[in-house]
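Trainee: Chains as they are written, first to last, in the UniProt record's numbering: chain G, 1 to 279; chain P, 1 to 521; chain F, 1 to 324.
What the hints contain is simulated information worked out from the structure, not anything from laboratory work.
On a predicted model such as this, the values are computed, not experimentally measured, just so you know.
If the Cβ cut is set under 10 Å, some of the chain G residues that face chain P in the computed set are:
1) 136
2) 223
3) 236
25 Å max Cα-Cα, derived DMTMM-like pairs, lysine to aspartate or glutamate:
4) P:476 / P:319
5) P:171 / P:106
6) G:12 / F:133
7) G:6 / F:133
8) G:12 / F:216
9) P:171 / F:88
10) G:6 / F:216
11) P:436 / F:57
12) F:13 / G:108
13) F:13 / G:109
Covered, in the sense of this in silico footprint (three residues per stretch, anywhere, with C-beta under 8 Å from a C-beta of chain G), are these stretches of chain F:
14) 30 to 36
15) 146 to 153
16) 156 to 166
17) 264 to 273
18) 280 to 289
19) 299 to 311
The beta-carbon is built from N, C-alpha and C at its ideal position, and this holds for glycine as well.
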Amino acid sequence: MRDFWKRFARNKGAVIGLGILIAVVLLAALAPLLYPDSPWRMVQRPFLPPMEMDGFWFGTDTLGRDIGAGLAHGARISLLVGIVSTLVALSIGVTLGALAGYYGGLLDDALMRFTEFFQTIPNFALAIVLVAIFQPSITSIVMAIAIVSWPPVARLVRGEFLSLRSREFVQASVVIGQSNARIILTQVLPNTLSPVIVMASLMVATAILLESSLSFLGLGDPNHMSWGYMIGAARTVLRQAWWMSFFPGIAILLTVLALNLVGEGLNDALNPRLARKGR
Amino acid sequence: MTKGQRAIALAMAAAVTAAAGSALAEEPKRGGTANVVIQPEPPGLIMGLWQNAPTQMVAGNIYESLLKYDQELNPLPSLATEWEVNDDGTVYTFHLKDNVLWHDGEPMTADDVVFSVTDFLAETHPRLRVSLEHVENVEALDDHTVQFTLKQPFGPFMGIFEVGSMPITPKHIYEGTNFQDNPANNHPIGTGPFKFAEWERGSHIHLVRNEDYHVEGLPYLDEVYWHVIPDGASRAVAYENGDVDVLPGGSVENFDVARLSELPNTCITGGGWEYFSPMAWMWLNNREGPLADKRVRQAVLYSIDREFARDAIWNGLGEVPTGPVSSKVRFYEPDVPRYDYDPDKARELLEEAGYDGEEIRMLPLPYGETWQRWAEAVRQNMQEAGFNVSMEATDVGGWNQRLGDWDYDMAFTYLYQYGDPALGVTRNYISSNIAKGSQWNNVQGYEDERVDELADEGAVAFPDEKRQEIYSEMQKIIVEDAPIAWLLEIEFPTIYRCDMKDLIQTAIGVNDGFGDAWLDR
Amino acid sequence: MGRLSYITRRLVKGLFVLLAIVILNFFLIRAAPGDPAQVMAGEAGASDEMFIEQLQERFGLNRPLHEQLFIYVKGIVTLDMGWSYRQDQSVASLIGQRLPATLLLTGTAFCISLMFGVLMGALAAARVGKWTDSLITTVALIFYATPLFWIALMAILLFSVYLGWLPGFGMVSVGAGYTGLAYIGDILAHLVLPALTLGLFYTAVYARMTRASMLEVMEMDYVKTAKAKGVAPGRITRVHVLRNALLPVITLAGIQAGQMIGGAVLTETVFAWPGIGRLMFDALLQRDYNLLLGIFFVSSAMVVLFNLITDLVYTFVDPRIEVS
Chain G
1 MRDFWKRFAR
11 NKGAVIGLGI
21 LIAVVLLAAL
31 APLLYPDSPW
41 RMVQRPFLPP
51 MEMDGFWFGT
61 DTLGRDIGAG
71 LAHGARISLL
81 VGIVSTLVAL
91 SIGVTLGALA
101 GYYGGLLDDA
111 LMRFTEFFQT
121 IPNFALAIVL
131 VAIFQPSITS
141 IVMAIAIVSW
151 PPVARLVRGE
161 FLSLRSREFV
171 QASVVIGQSN
181 ARIILTQVLP
191 NTLSPVIVMA
201 SLMVATAILL
211 ESSLSFLGLG
221 DPNHMSWGYM
231 IGAARTVLRQ
241 AWWMSFFPGI
251 AILLTVLALN
261 LVGEGLNDAL
271 NPRLARKGR
Chain P
1 MTKGQRAIAL
11 AMAAAVTAAA
21 GSALAEEPKR
31 GGTANVVIQP
41 EPPGLIMGLW
51 QNAPTQMVAG
61 NIYESLLKYD
71 QELNPLPSLA
81 TEWEVNDDGT
91 VYTFHLKDNV
101 LWHDGEPMTA
111 DDVVFSVTDF
121 LAETHPRLRV
131 SLEHVENVEA
141 LDDHTVQFTL
151 KQPFGPFMGI
161 FEVGSMPITP
171 KHIYEGTNFQ
181 DNPANNHPIG
191 TGPFKFAEWE
201 RGSHIHLVRN
211 EDYHVEGLPY
221 LDEVYWHVIP
231 DGASRAVAYE
241 NGDVDVLPGG
251 SVENFDVARL
261 SELPNTCITG
271 GGWEYFSPMA
281 WMWLNNREGP
291 LADKRVRQAV
301 LYSIDREFAR
311 DAIWNGLGEV
321 PTGPVSSKVR
331 FYEPDVPRYD
341 YDPDKARELL
351 EEAGYDGEEI
361 RMLPLPYGET
371 WQRWAEAVRQ
381 NMQEAGFNVS
391 MEATDVGGWN
401 QRLGDWDYDM
411 AFTYLYQYGD
421 PALGVTRNYI
431 SSNIAKGSQW
441 NNVQGYEDER
451 VDELADEGAV
461 AFPDEKRQEI
471 YSEMQKIIVE
481 DAPIAWLLEI
491 EFPTIYRCDM
501 KDLIQTAIGV
511 NDGFGDAWLD
521 R
Chain F
1 MGRLSYITRR
11 LVKGLFVLLA
21 IVILNFFLIR
31 AAPGDPAQVM
41 AGEAGASDEM
51 FIEQLQERFG
61 LNRPLHEQLF
71 IYVKGIVTLD
81 MGWSYRQDQS
91 VASLIGQRLP
101 ATLLLTGTAF
111 CISLMFGVLM
121 GALAAARVGK
131 WTDSLITTVA
141 LIFYATPLFW
151 IALMAILLFS
161 VYLGWLPGFG
171 MVSVGAGYTG
181 LAYIGDILAH
191 LVLPALTLGL
201 FYTAVYARMT
211 RASMLEVMEM
221 DYVKTAKAKG
231 VAPGRITRVH
241 VLRNALLPVI
251 TLAGIQAGQM
261 IGGAVLTETV
271 FAWPGIGRLM
281 FDALLQRDYN
291 LLLGIFFVSS
301 AMVVLFNLIT
311 DLVYTFVDPR
321 IEVS
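Could you put together the complete structure from these sequences and hints?
Mentor: Listed below in structure tokens is the structure:
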């Protein structure tokens, strides 16, 4: 563990990223304390510019809602959607990839065709269609993001399984008659964890971008304040009120950046062989 | 008054002065081009086939009907110059102009009118179909006289001859053909002041002056370009840059209106919508859940700060309605119970009704930012008064289906009232109009026997004093029952260059406005 | 091994994938609430049962689903994408009108990002560990993390609203009626901001990938040998490293070329660019079945096509790859 941290900390960017990420998580966690009012509440006059009034450092929007409250509460949705959709995508991708890589043959063929199929459909377009069809809500957004982001996981895991499958320790387990399920879960899978974790951290970042893009197009969950929604709602008043789209954009940028930096740090720490090559 | 609203008030004052000035002395000038925004691109220009707003807006300058209406909804001559009604209000006779030509040169006669009403529109125009149920017979007495015989008196009958409601369509082109697939649909032929010239899809529609127009000297303009610009912000920019001269109501987001009205030579008016008198409201599902209780519905009305929404979202334009009939519609009754913003009262009513915080599903109208913001504001108002509201996002397809299936608790909408309660109001309150699959009938499921009776009587009563009495009683009952949460009598602002004179002259505004408009340049 | 038979096999496979996509989308879009008849009735301001039935009859929506599917697939096989009832035009002509705008936008963005990305990546790799490298890596990372639609808005705000240098909306000036060179110049001016913002993300991706892949190749034996032999470093980079390091970049370029249609939805929305991405979004919201399916068909076909091209380019660039 100490080794891990040492290797991670050697990457300065990763440490900065971790710092930002912790700050975002804290913001999300403390949102109800920092801004006890609902972020939808119309608390001041509309179009209040930032820094003009105490307590409204980020200004207000078209209806007089506090942008600061939106930023804090929006952090929760971004992180939630990012993490949950990644978990769902991982569970699909890892399962299919593991089955394909471990059993090979016809199953592998079939599963890989299936994966390719999903990679052929333009994926942002597919996400839009899925959310529109099932009507925007947290669940439909999470599912749509998961459905378009699992294929790379499946390919990665399959690759790892293919190479691990022929290793001695796996062959040994086969010889002593362990069940396939047991081998997959206890022998092979743990050895694929490192690259999967690295990939997951990047997927969370991508998922946050996807969620904000969907919300921007008006396909967000209307009951939850989100950063993408804030930018989308600010678009029509771009000329009158730059701050309405500026701050949430910065929030997305920092969060996604932080996750990428952390991902690189994890890569350095977990895959020491590959470290220092950059990604 | 905010800065933006002050700007709008100034621009509106400028519009009034400009109009008054022109009425005094100025001689209209001939020539010039009008560049106008059309949003969205219409699917077709055959007015009888397409009842959507963009088609009406363009094709209203190509087609005509028997009458026009001034901004107080009084009938004006158009294809008909004179008309008479018999004493019991069942036989209407119209005398048509005898010098009217179709754009292809054929003379327009009474036969065209009969064909349009009994053949063409009866098949293609669902809204007119409802009014035609009162009509027993339409016949051409001679080439220039048409007689409508009604089954019984129908109070609003003189109000159905607006061009969008009854566009006169050429018999010689459509008789005996499949109306929807007629190749002539690519090239509309009407009798109006402008002829169709060209339509480059995705770019513009070009209309040119009808040299043979039946009113001497009209129109003043040489041509009208309708520009298709599929984005609100770009439309605003196009006006700022001087690329277009007219932004018809609804073509820019409300949040842009204040900024645009500060531009030089810019006038703004809420006029020209009197015939439609659009009213926005929330359907409240009267059938089930907490909203089945009258007190809860009243609480909804008390909980909403409708003045705030008008000022913050609609630039202070429009009136907060007092009941089902817009104040711009005939037989409006102001003396009804009021639901002024009063969250405490709303809370009391909720308590009295035993509302237990059950979730209420709200559907915003999926027509852009304005409506989305409005729904958010109303949801916030209601939540602060103790309602548990959850908003469900839908797109146009989903919204239509869920309303048609009554699968909602509250839903935003706006409907036209067409100047008369019998045309555009009672359809939403009578129990015989409760049927799935339409977004225009009694969607909320309101039933009241007395209202049914009054609505029936009001439509056929004669003369108007009688109708007023009936409709006043009806409005009082409906307001008390609060079957719907009325939000705003919308005034869609038309933004235009002040040197475009006489643009908004009738109750349908730009829809037939270019026939009279002229440029003072 | 014949390259031709390889191409044929890939093509056939691609066609099957395409067919599967068409069928999947056919059912997906019909799973959405509401149908085109309802949407159009909703726009009409009044409707009754007769009206909806007339519309459904015209659109063929009253037939059983499998029959509709059969008719559609039969059409697609003969490259007939049907009729858009909402727009009252054939799907092919609608797509034909909008596709050039999207191709212009995505093509420009593609070239910009490929050029700058590879250049930045190569530069960073050549100066690995130096400040140039750090600068490029950081910039690339920031581009990578920036939401496309947001940077687009900020660009409009800065270059269009405050500085007034470039137009921020649309593809041509409305009603300007330019012809000839002025017309082309007008389009180019409108193209700058959307193409740059759309290209930004992929510039970052290419830069990162080129850098990583070059560093990897530099460690390889033949490069070390060349170094030991005293070949000039510039020549090593150009001849040995870059050529091999570009392989993964080519793969990515193939994927990107196909995916850009989807990404263009956002850019086209922000800049009001009259392309196919925006058309798709509108078709989706209006339940314009045929139009939506047509757009999906065309853009998936492009993905398949670009994948094929990528594979082919691969076989030329890297002789080690067998075409079997």
